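Residue numbers (the numbering used here), protein chains in the order written: chain X, 1 to 112; chain S, 1001 to 1115.
For the record, the hints were derived by calculation from the structure and aren't laboratory data. A quick note: this is a predicted structure, and the numbers were derived from the prediction, not measured. Misleading hints may appear alongside valid ones.
Output of the computed footprint for chain S on chain X, the stretches with three or more beta carbons under 8 angstroms from beta carbons of chain S [what the hints assert, rightly or not]:
1) 16-22
2) 78-85
Pair ranges (Cβ atoms, derived) [said to hold, decoys possible]:
3) S:E1110 to X:T110: 17 to 23 angstroms
4) S:E1110 to X:T5: 25 to 31 angstroms
5) S:I1060 to X:G28: 18 to 24 angstroms
6) X:S27 to S:S1112: 23 to 29 angstroms
Glycine included, C-beta positions come from ideal geometry on N, C-alpha and C.
Listed here are the chains, written in short residue letters.
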Amino acid sequence: DAGVTQSPTHLIKTRGQQVTLRCSPKSGHDTVSWYQQALGQGPQFIFQYYEEEERQRGNFPDRFSGHQFPNYSSELNVNALLLGDSALYLCASSLQGVHGYTFGSGTRLTVV
Amino acid sequence: AQSVTQLGSHVSVSEGALVLLRCNYSSSVPPYLFWYVQYPNQGLQLLLKYTTGATLVKGINGFEAEFKKSETSFHLTKPSAHMSDAAEYFCAVSGKENQGGKLIFGQGTELSVKP
């Protein structure tokens, strides 16, 4: 049974560019959450998607947006990249209403 | 509002010694509490969680934690450290009223194990 799959694993972008990160949830899960983990810090909640809608959002600017598809997979988009966006981006899937998150291995984004 | 404080960004123990990683939380609602472990260049793996019931929670790899409401603490312990326990450990809190909602993480504690 595959867990949470994220792609790509590593990515280098230039300031001002746009990036799309992808996540496939664990089989049976219908909810996807995204977290940003800066170097040496704990993960910070970006937003959560359920039924193709954003259900919760953390303290992140509108440059961060997302999408969930009918098959429950999700994308995280970041526009106008800043150096400070360099981080490990983690996707976590769960079943709505149940506390049980499965995290992916993350996408390491470097902005130069 | 919820928050998590992990005391000590780095803890070093000898192999076979007791591991104690400290976590204090703040929550205006009954909390769900979690400990995750992160190995280099990997995602987060759940060690254990407290939701309801018994306040002493046993997890994987010999770890356990005790929920102490009066002290707002959820410290992680392991009686005997192993070299493979070296990793980053994160304590997290979520609200019972928001099942499946966001996790609030602490800053993390890096555990080193000396031979």
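Do the hints match the structure? See the list:
no.: 1; hint: 16-22; verdict: violated (count 0)
no.: 2; hint: 78-85; verdict: violated (count 0)
no.: 3; hint: S:E1110 to X:T110: 17 to 23 angstroms; verdict: holds (22 angstroms)
no.: 4; hint: S:E1110 to X:T5: 25 to 31 angstroms; verdict: holds (27 angstroms)
no.: 5; hint: S:I1060 to X:G28: 18 to 24 angstroms; verdict: holds (21 angstroms)
no.: 6; hint: X:S27 to S:S1112: 23 to 29 angstroms; verdict: violated (36 angstroms)
Of the hints listed earlier, those the structure fails to meet are numbers 1, 2 and 6, in rising order.
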